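Engineer: Chains as they are written, first to last, in numbering that gives the first Met the number 0: chain A, 0 to 323; chain B, 0 to 661; chain C, 0 to 345; chain D, 0 to 145.
The hints are simulated quantities; they were obtained by calculation from the structure and are not laboratory data.
Please read all numbers here as calculations on a predicted model, not as lab measurements.
Heads up, some of the hints might be wrong.
Unchecked claim - Below 25 Å or equal to it, Euclidean Cα-Cα: the simulated SDA-like pairs (lysine to any residue) are:
| hint | chain 1 | residue 1 | chain 2 | residue 2 |
| --- | --- | --- | --- | --- |
| 1 | C | K72 | B | Q1 |
| 2 | C | K5 | C | V190 |
| 3 | C | K256 | B | R661 |
| 4 | C | K336 | A | G25 |
| 5 | C | K26 | A | P275 |
| 6 | C | K82 | C | L14 |
| 7 | A | K8 | A | R181 |
| 8 | A | K86 | B | K112 |
| 9 | B | K569 | B | H205 |
| 10 | B | K505 | A | E315 |
| 11 | C | K178 | C | N7 |
| 12 | D | K144 | B | E30 |
| 13 | A | K143 | C | M209 |
| 14 | D | K8 | C | T259 |
| 15 | A | K196 | C | A28 |
| 16 | B | K606 | B | T616 |
| 17 | A | K94 | A | F166 |
| 18 | B | K112 | C | S263 |
Residue strings, one per chain:
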Amino acid sequence: MQELINRAKELLADGTVARVLGWKAGDLPYNPEPAYFETAEALEDFVYNGFCGANLSKYMIEASKMEGKTMVCLKPCDTYSFMQLIKEHRVDREKAYIAGVGCKGKLDIEKIRARGIRGIESIEGAELTDDAETLKIQTIYGEKSLAYADGMLERCHVCKGKEHVIFDEQIGESKETKDAERFGEVERIESLSPEEKFSYFQSELGKCIRCNACRNVCPACSCRKCVFDSNKFDSSQKANVDSFEEKMFHIIRAFHVAGRCTDCGECSRVCPQGIPLHLFNRKFIKDIDELYGEYQAGADIDSKAPLTDYTFEDAEPSIVGKRG
Amino acid sequence: MQRIGVFVCHCGSNIAATVDVSKVAEMALMEPGVAHAEDYQYMCSEAGQAKIAAAIQEKGLTGIVVCSCSPRMHEATFRKAAERAGLNPYMVEIANIREHCSWIHKDMEEATKKAVILMRAAVAKVNLNTPLQAGESRVTKRALVIGGGIAGIQTALDIADAGYEVDIVEKTPSIGGRMSQLDKTFPTLDCSACILTPKMVEASAHEKITIYTYSEVEKVSGFVGDFTVDIRRKARSVDMNKCTGCGVCQEKCPSKKAPSEFNRGLNTRSAIYTPFAQAIPNVPVIDREACIKFRTGKCGVCSKVCQAGAIDYEQKDEIITEKYGAIVVATGFDTIKLDRYDEYAYSQSKDVITSLELERVMNAAGPTHGHLERLSDGKAPKEIVFIQCVGSRCADDRGKPYCSKICCMYTAKHAMLIRDKYPDVNVTVFYIDVRTPGKNFDEFYRRAVEQYGVNYIKGQVGKVIPKPDGKLLVQGSDLLDNRQILKEADMVVLATAIEPNPDVRKIATMLTASIDTNNFLTEAHAKLRPVESPTAGIFLSGVCQGPKDIPETVAQAGAAAVKAIGLLAKDKLMTNPCTAHSDELLCNGCSSCENVCPYGAITYEDKEVNDHGIRETRRIAVVNNALCQGCGACTVACPSGAMDLQGFSNRQIIAEVDAICR
Amino acid sequence: MYKIAKENLSALFRLIAETYGLYLPVKKAGQTNFAAWSEDAEVDLMTLKTVKSAKDAFFPQSESLYTVKKEGKKMSVEPEALKEQNFVVFGMKACDVRGLEVLDKVFLSEPVDTFYAARRDHGTVVALACHEPEETCFCKVFGVDAANPASDVACFPAGEELYWEALTEKGEALTEAVKSLLAETDEADGVSVEAEKDAIHRMIEKLPYMNLSLEGWNGDVLSEKFDSPLWEELYKPCLACGTCTFVCPTCQCYDIKDYTAGNSVSRYRCWDSCMYSDFTMMAHGNNRTSQMQRFRQRFMHKLVYYPANNDGMYSCTGCGRCVEKCPSALNIVKVIKAFQNQGGEK
Amino acid sequence: MPLEKKEFKPKIVAFCCNWCSYAGADLAGSSRLTYPADVKIIRVPCSCRVNPMFILRAFEKGADGVIMCGCHPGDCHYSTGNYYARRRMTLLFSMLDYIGVESGRTRVEWVSAAEGVKFSETMNSFVEKIYSLGENVRLGDLRCKN
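Bound conformation, chain A alone (with noise of 0.2 Å):
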């Protein structure tokens, strides 16, 4: 960490950036927040650590308006949305400074929650420096501890590599967190029965309160103004009066990050309601990797995305039916 402030604070002395995009300390151990800095000052403040989860990314669309270059934090995962992002011209590339941060994998506070931990006054290991495999935990209730696998996000277990797909310079190393198949849950449910799988989805989706986060946090889900909150389709927004509003909601919202979304899982790490969202994106995923050949969102810059290109053998729509 000390390193990345060092380097943020020459590149800002000398004039190559005029801000930092990074994260700063919160007021409880496991809240810090994006940020940006523009002084060695409020450098001071910079944090990061295993809960900087957030993916930056997006902010680069606002921050690409902006007077001069921004240095942005970007972890491996990030930087596909990133290229993405450059790709659909939302983010000006000359406007970035990217600096592709190590990652030991991002710690999830609802899954140390989950574990009945409260009242949470230090939480020791989350820092990147640390090869502590155990975090340490000190409550008002008394000390606990947790391995740092079990405190991660679901999307880390199944890390796409730690290696930066765009960056100026890399700071940090990276270790390994991949201890699950992508597609693991995806297949599982796929193997329900049509019972199954409809009163699985209808509980979990049950839960949502259309609050949007999932879709503002998207660096898919860019667009200026959302289909749902335009009159363009006449397409409810913010209402859940029907069940049947969440799954509009969240099949069109996978829908049109199809082939666009690089299954970054901010949607699931942001669910209030911790509703597993990354499973629908995912399962497009799969389909079109299946379907289409592999393809990778955010890889690479002229690919051409699954939805704008065909090919005379495609698979007919019926294949849904005949997979079983």
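Fit chains B, C and D to the given chain A structure using the hints.
Structural biologist: Same frame as chain A, now just chains B, C and D:
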């Protein structure tokens, strides 16, 4: 709020017999926005149109719905009627209660209910219609004809005679097509070459016609009036300007083993060749696969003997890009492959041949110099059996379901010619039906039977068995006498089904012209627009549209030419106003729409916008309305809904969905 | 005061449900929210904070107001019936109970929101003292006592017992209805309840946000706060999602929308969020055009406008849900602290 | 006393492209090839105009089945529209299947202007399938059910 008029057509009894039309009109009055509703016997008639006009003017209607036949029939009629009455023509919607309702349902109550729903959907849509203005686009006064057979030649001549430039693109080294391979033509027995060659010469000499032989259409873009076409001129290896057509190169060429395409592979030709003596242009090409120079680098005889110095081994394919206002497809046909008809022993015996091969055998310039002989041993046949409908009218997927149309007549021709020239040869024809609907056709056939004693047997041949002595044993049945027939023959001739040239699929895709399951190009209307493709600016000439004989082909070629001329005669075309447009406040500039646009109609501009007080420069999609054809691919690719299609807007379609599901 | 063994709670719920509608924290697909009780519902009283506050029970996220039906050319309007059945909300916490007080001031003052009023009239709140307060809690800052919820019935969990104390007439009525399951208490019980309350108070003192100061936040500082350059800094990480407003026990803004269902149109209202760009959108556009303005609005409303109009009562209860749920780790505490620090520096 | 069962009359929306399938439906009509009146056709310029939102919208408003017809691959009037439509619908249908909606409720069929018979056969078989699946209860807004 719109003031909508609903007009329900009885279509005589076509609609009224199954749909309670007055009930539909009555129900229409319940719909929001409907200010007027009536039903009438024939809405498309003068009187019907007058009713519409009167209602528009008297009731101040802002939109109308006509519940009638398919919009593909009379949408244009009603739009014009509305326009004459002062209403924007795009404020008209059609509810198709004939083809989609009265004609397919029997129960009156059910059909009426459905008609009401279709009316509602149309009313819901027209409530959201907005007046649209058609734009204009220019017409390039030049036509392209794809295929240089008799169809293409005739079309090109007719267009050129009307004063327009025409280019013919022909895949093979010479124009002439299938007709040039024929010996005689029915029912007059004219020599095919004698009547074709003057046409070929006329085309090549015509100042308005440019012929690209040994060339193929590579890419087509644009739209009616303004197509841009890339033509690949394959490397001929002979300089067209220098070659005098003396033919010495062909004579001296040491490689003479390539099968002659023109003679259907029955003999061979040299590596440097013109397909036939009357070829136009009379400039040979080098078949690089067969040429020793190209295969081994050694040889070069042709270059040495060519006094004009026309041989150019370095020549490369050349791409020409040209603009056209109209395109005529005249890609013709080929006979089907017979590998799935093993029972006729075509692949086993040289003496089993197709009728087209027989044409070459009977032709003086053919492999046997016009002598009727067995290809296996050169002996004169005494017994010839013709088998009809090989692959035509076929119920299974080995052949074609359709009648190839020309076989009955050319078989009668062949039988007659053989009996005439070789009276000692017995000719037997196995047929399913003999079809002779054409001027002088049946007379022709009867002459074959009555005057020339051709033995016609109604029945099919099950098997042809080559015997060790070289004879062919034909096993057939005589359906009229209900008996099995075993017949020894010296030659068997198969009336092989014809199919559209296999290349037509590729060409149809480039032209976005639709094609049917048999690869024949679809006409815009089977009866009323038989020479036009549904794709504007594309016309159909000859067998690419369906099986035809020469006179029909020539007639259709002329008809296609007239349609093309009609288009080229216009200076401007009205464009379809149902094009896409992008809402600049919603556009993200993400390029998704651009990536799916087949016409390159979408570009991006950095534009200053005022988004509710926020002024900024944004990358915004801009649609070129002259290029946009209104498919709507972009509207779905656009995640924000910024792209919408006029005339088929998101809200209009949703209104229809809602009305139907109500 | 009465008591009931915790193991008898399901019997209690069954009994309540015989005469009342019953809403209580139910765990569904891993998350606990207030929901209607049923025999197979997974009741979860262990989770301190439901994801959404309990305000749903009185001010549902979406509710129909009336339906317009059309037959032929005739239209008819059918207003939605007001709540008539008595119901109990069991397991609310002191902060959420305070949330209702905030909503009352909005919805029960003229013009009275009849839908809300009907629900308040028919609803009985059974609140639970907070057994184990968490680091995100700061209700004490707003004068809420987590150990003594001000409800119709207050319950105190201690050991294997749940102590039951009716505080209002409605509470008495409910107590009467379930008396068969309640046991009388003695002095020893009183001691354990007091011990539990003390324990809660002691824990609350240890919480990180206890020293948060509201000094300087009142109706008099309107323009000073409004014009502060700090907002430009603070709002930046905000994603403009509505999570904070949707989990908040006091956010009361709603939107009114129409739904066309074939032959009828229903007019309904649903929670809106001042974080959304179309919030208070009018024909001429929007009076808050930037996210900074929208962000500022939320906190100004909670800490300045509302107290200015309601005798100094803040419309934040310190429940800490926004602290837990904000995807960008923003929250009202950070805002208050930012102004505090700035004050200090000056 | 057995409850009187209301006869199930499905609502079926068919999106047909103007150039092939709508013309195919016209041909079915002029050839008097019947299919059930439950099918209502919406004309769109091309299958690529069909937004997944339209399909979900139809289900929302009470449709029991939605079918989309377009030109055969390779024959699109706009050259490529049906290729995009094919991918879009494949993914959408797969998603619907994934969340437990019966895959028989959605279908794509390529019908040319010459295939009146196929149009009629397709509609007959699709309607039959919808009858066998019964009323759509998994997608759809309850407010539209009454």
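Engineer: Now, for every hint given, state plainly whether the structure supports it.
Structural biologist: Against the structure, the hints:
Simply put, K72(C) and Q1(B) have alpha-carbon atoms about 16 Å apart, close enough for the 25 Å limit, and the pair holds. Between K5(C) and V190(C) the alpha-carbon distance is near 18 Å, which keeps this suggested pair within the 25 Å criterion. A distance of roughly 20 Å separates the Cα atoms of K256(C) and R661(B); the hinted pair therefore holds under the 25 Å criterion. For the hint pairing K336(C) with G25(A), the CA-to-CA distance comes to about 11 Å; that is within 25 Å, so the pair holds.
With a C-alpha separation of about 16 Å, the suggested pair K26(C) and P275(A) falls inside the 25 Å cut-off, and the hint holds. The straight-line distance between the Cα atoms of K82(C) and L14(C) is roughly 21 Å, inside the 25 Å bound, and the hint therefore holds. At most 25 Å may separate the alpha-carbon atoms for a hinted pair to count; K8(A) and R181(A) exceed this at roughly 38 Å. Between K86(A) and K112(B) the alpha-carbon distance is near 51 Å, which puts this suggested pair outside the 25 Å criterion.
For the suggested pair K569(B) and H205(B), the alpha carbons sit about 23 Å apart, so the restraint of at most 25 Å is met. A threshold of 25 Å between alpha carbons decides the hint, and for K505(B) with E315(A) the separation of about 21 Å falls inside it, so the pair holds. Restraint check for K178(C) and N7(C): the C-alpha separation of about 13 Å stays at or below 25 Å, so the hint holds. A hinted pair counts as satisfied when its Cα atoms are at most 25 Å apart, and K144(D) with E30(B) qualifies at roughly 20 Å.
For the hint pairing K143(A) with M209(C), the CA-to-CA distance comes to about 22 Å; that is within 25 Å, so the pair holds. For a cut-off of 25 Å, the pair hint linking K8(D) to T259(C) stands: about 22 Å separates their Cα positions. A hinted pair counts as satisfied when its Cα atoms are at most 25 Å apart, and K196(A) with A28(C) qualifies at roughly 14 Å. Taken as a hint, the K606(B) and T616(B) pair is honoured in the structure, with Cα atoms around 5 Å apart against an allowance of 25 Å.
Proposed proximity of K94(A) and F166(A) is supported: the alpha carbons are some 13 Å apart, at most 25 Å. For the hint linking K112(B) to S263(C), the alpha-carbon distance of about 20 Å falls within 25 Å, and the restraint holds.
Violated hints, listed in ascending order, are 7, 8; each of the other numbered hints is respected by the structure.
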